[in-house]
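Construct the entire structure; sequences and hints are all you get.
Letter by letter, the chains look like this.
There are 2 protein chains.
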Amino acid sequence: MTTIRMAGVDDASLILAFIRELAEYERARDAVKLTEAELVRDGFPTAGAERYYECVIAEEEGEPPHSPTTGEPGPRREAAGMALFFPIYSTWRGRAMHLEDLFVRPRFRGLGIGKALLTKVAALAVERGCVLLYWHVLDWNEPAIEFYKTLGAEALEDWTRMRVGDDALRALASLDNVTV
Amino acid sequence: MTTIRMAGVDDASLILAFIRELAEYERARDAVKLTEAELVRDGFPTAGAERYYECVIAEEEGEPPHSPTTGEPGPRREAAGMALFFPIYSTWRGRAMHLEDLFVRPRFRGLGIGKALLTKVAALAVERGCVLLYWHVLDWNEPAIEFYKTLGAEALEDWTRMRVGDDALRALASLDNVTV
Numbered sequence: 001m002t003t004i005r006m007a008g009v010d011d012a013s014l015i016l017a018f019i020r021e022l023a024e025y026e027r028a029r030d031a032v033k034l035t036e037a038e039l040v041r042d043g044f045p046t047a048g049a050e051r052y053y054e055c056v057i058a059e060e061e062g063e064p065p066h067s068p069t070t071g072e073p074g075p076r077r078e079a080a081g082m083a084l085f086f087p088i089y090s091t092w093r094g095r096a097m098h099l100e101d102l103f104v105r106p107r108f109r110g111l112g113i114g115k116a117l118l119t120k121v122a123a124l125a126v127e128r129g130c131v132l133l134y135w136h137v138l139d140w141n142e143p144a145i146e147f148y149k150t151l152g153a154e155a156l157e158d159w160t161r162m163r164v165g166d167d168a169l170r171a172l173a174s175l176d177n178v179t180v
Numbered sequence: 001m002t003t004i005r006m007a008g009v010d011d012a013s014l015i016l017a018f019i020r021e022l023a024e025y026e027r028a029r030d031a032v033k034l035t036e037a038e039l040v041r042d043g044f045p046t047a048g049a050e051r052y053y054e055c056v057i058a059e060e061e062g063e064p065p066h067s068p069t070t071g072e073p074g075p076r077r078e079a080a081g082m083a084l085f086f087p088i089y090s091t092w093r094g095r096a097m098h099l100e101d102l103f104v105r106p107r108f109r110g111l112g113i114g115k116a117l118l119t120k121v122a123a124l125a126v127e128r129g130c131v132l133l134y135w136h137v138l139d140w141n142e143p144a145i146e147f148y149k150t151l152g153a154e155a156l157e158d159w160t161r162m163r164v165g166d167d168a169l170r171a172l173a174s175l176d177n178v179t180v
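Chains X and R, in that order, give the protein sequences.
117 is the number that this note's numbering gives to position 117 of the first sequence; each next residue is one higher, with no gaps.
135 is the number that this note's numbering gives to position 135 of the second sequence; each next residue is one higher, with no gaps.
Rather than coming from a laboratory, the hints here were simulated on the basis of the structure.
Worth double-checking, as some hints may not be accurate.
[To be verified] Label pairs and their calculated CB-CB ranges:
{"id": "1", "chain 1": "R", "residue 1": "Ala79", "chain 2": "X", "residue 2": "Gly48", "range": "25 to 33 angstroms"}
{"id": "2", "chain 1": "R", "residue 1": "Met1", "chain 2": "X", "residue 2": "Asn141", "range": "28 to 36 angstroms"}
{"id": "3", "chain 1": "X", "residue 1": "Pro143", "chain 2": "R", "residue 2": "Met6", "range": "43 to 51 angstroms"}
{"id": "4", "chain 1": "X", "residue 1": "Leu14", "chain 2": "R", "residue 2": "Ala49", "range": "23 to 31 angstroms"}
{"id": "5", "chain 1": "X", "residue 1": "Trp140", "chain 2": "R", "residue 2": "Arg29", "range": "34 to 42 angstroms"}
{"id": "6", "chain 1": "R", "residue 1": "Ala37", "chain 2": "X", "residue 2": "Glu154", "range": "38 to 46 angstroms"}
{"id": "7", "chain 1": "X", "residue 1": "Glu26", "chain 2": "R", "residue 2": "Thr46", "range": "33 to 41 angstroms"}
{"id": "8", "chain 1": "X", "residue 1": "Asp166", "chain 2": "R", "residue 2": "Arg51", "range": "24 to 32 angstroms"}
{"id": "9", "chain 1": "R", "residue 1": "Met1", "chain 2": "X", "residue 2": "Ala144", "range": "48 to 56 angstroms"}
[To be verified] Some chain R residues judged to face chain X by a derived CB distance under 7 angstroms, without partners named:
{"id": "10", "residue": "Leu14"}
{"id": "11", "residue": "Arg93"}
{"id": "12", "residue": "Val126"}
{"id": "13", "residue": "Leu132"}
{"id": "14", "residue": "Trp135"}
{"id": "15", "residue": "Asp139"}
{"id": "16", "residue": "Asp158"}
[Claimed, not checked] What the simulated footprint calls covered on chain X by chain R, stretch by stretch (three residues with Cβ under 8 angstroms from a Cβ of chain R suffice, anywhere in the stretch; the number is not a length):
{"id": "17", "stretch": "46-59"}
{"id": "18", "stretch": "82-88"}
{"id": "19", "stretch": "138-149"}
{"id": "20", "stretch": "154-164"}
Computed from a predicted model, the values in this text were never measured in an experiment.
Quick reminder that beta carbons are idealized off the backbone N, C-alpha and C, glycines included.
In structure tokens:
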């Protein structure tokens, strides 16, 4: 049985493990520069600080280990996957949610856990008054795109995502043509 | 002279006017369903509520009206454009910023106001420890894409953005295969 729960600060190392496993699947293992300390700071901030993301964890409950003499132990739970998300905003429609990562460990695939995670994020979005849920998918990942379309998602083909980062971002930030 | 300032709650109707003018330019005038009340709630929330976006406003300062007898009035400022943005998160790199709308009214174009707005958002991003700044641009808007590339931005060609909304989102949210 699959259980979905909100991640807590104690899950930061598990979240980082999931992020690294997903990056490996996306053929970008070395791209993960994020640290556990940053995940703690940005997902579980101190009062007054900005929260950058939230996360839900899927656990799969196995059979309890057989132990006829000592009584029945609690069920064994294994971390199977996660969904990491944050609020965004559409100036056409208002509140929206962005799903940044959806990951299920290979040995837990085919059990409906990905769908359960996506459903949970959709439920949280609806609960918070969001009318749209977005995510990105790699063009070559056709199984994922087809899976998402069966859930009512559409591909937004006519937009290009732009990015400026690191040195170029700092250079842009320091242009001295602005009076503020 | 261009002045950039943070938007306040009194700017909500101006922000909505900008959003509508931008939608018209993007050939999607009827797509704006957002109301001024929602912009107030989501950008200038009461204590404890989540903030979904922030906004900076560009004002262009004209010559003061000629008034030799009554002394010099303050300079006349006209609202020229805006940038609307919010924090997002990269699980590879950490804190990031997303620029949702960048708009300059047609009669103020060619004065560097778009660049000044983008620079201000980049500066806020750097100030907050963000290493990346993202935005979307319509494929057919080649002048904008070329402008952004001169600022050090790159186009992310190999990702597709997916969206599920409204009825499909509610249906997804209510799938009863989840134990939470």
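Comparing the hints with the structure gives:
1. For R/Ala79 paired with X/Gly48, a C-beta distance near 31 angstroms keeps the hint of 25 to 33 angstroms intact.
2. About 49 angstroms separates the C-beta atoms of R/Met1 and X/Asn141, a value inconsistent with the hinted range of 28 to 36 angstroms.
3. Range check, X/Pro143 to R/Met6: Cβ separation about 44 angstroms, and the 43 to 51 angstroms hint holds.
4. The hint said 23 to 31 angstroms for the Cβ distance between X/Leu14 and R/Ala49, and at roughly 29 angstroms that hint holds.
5. For the pair X/Trp140 and R/Arg29, the supplied restraint of 34 to 42 angstroms holds, since their beta-carbon distance comes to about 36 angstroms.
6. With their beta carbons about 28 angstroms apart, R/Ala37 and X/Glu154 fall outside the hinted range of 38 to 46 angstroms.
7. Distance hint check: the CB atoms of X/Glu26 and R/Thr46 are about 40 angstroms apart, consistent with the given range 33 to 41 angstroms.
8. Range check, X/Asp166 to R/Arg51: about 26 angstroms between beta-carbon atoms, so the 24 to 32 angstroms window is met.
9. A C-beta distance of roughly 50 angstroms is found between R/Met1 and X/Ala144, which places it inside the suggested range of 48 to 56 angstroms.
10. For R/Leu14, the suggested interface contact is broken, since its CB lies about 13 angstroms from the closest CB of chain X, more than 7 angstroms.
11. A hinted interface residue such as R/Arg93 counts as satisfied when its beta carbon comes closer than 7 angstroms to some beta carbon of chain X; here the least separation is about 6 angstroms, so the hint holds.
12. Interface restraint check for R/Val126: the shortest CB-CB distance to chain X comes to about 4 angstroms, inside 7 angstroms, so the restraint holds.
13. For the restraint placing R/Leu132 at the interface with chain X, the shortest Cβ-Cβ distance is roughly 4 angstroms, inside the 7 angstroms limit, so the hint holds.
14. With its C-beta approaching chain X no nearer than about 5 angstroms, R/Trp135 sits inside the 7 angstroms limit, and its interface hint holds.
15. Below 7 angstroms, beta-carbon pairs count as interface contacts, and R/Asp139 has one with chain X at about 5 angstroms; its hint therefore holds.
16. Residue-level restraint check for R/Asp158 holds (minimum Cβ-Cβ distance to chain X is 5 angstroms; threshold 7 angstroms).
17. For the stretch 46-59 of chain X, the stated coverage by chain R holds: 3 residues have a C-beta nearer than 8 angstroms to a C-beta of that chain, and at least 3 were required.
18. Using a Cβ-Cβ cut-off of 8 angstroms, 4 residues of the stretch 82-88 of chain X lie near chain R, which meets the minimum of three, so the contact claim holds.
19. Given as covered by chain R, the stretch 138-149 of chain X passes the check, having 5 residues with a CB less than 8 angstroms from a CB of that chain where 3 are the minimum.
20. Counting residues of the stretch 154-164 of chain X whose C-beta sits closer than 8 angstroms to any C-beta of chain R gives 11, which meets the bar of three, so the coverage hint holds.
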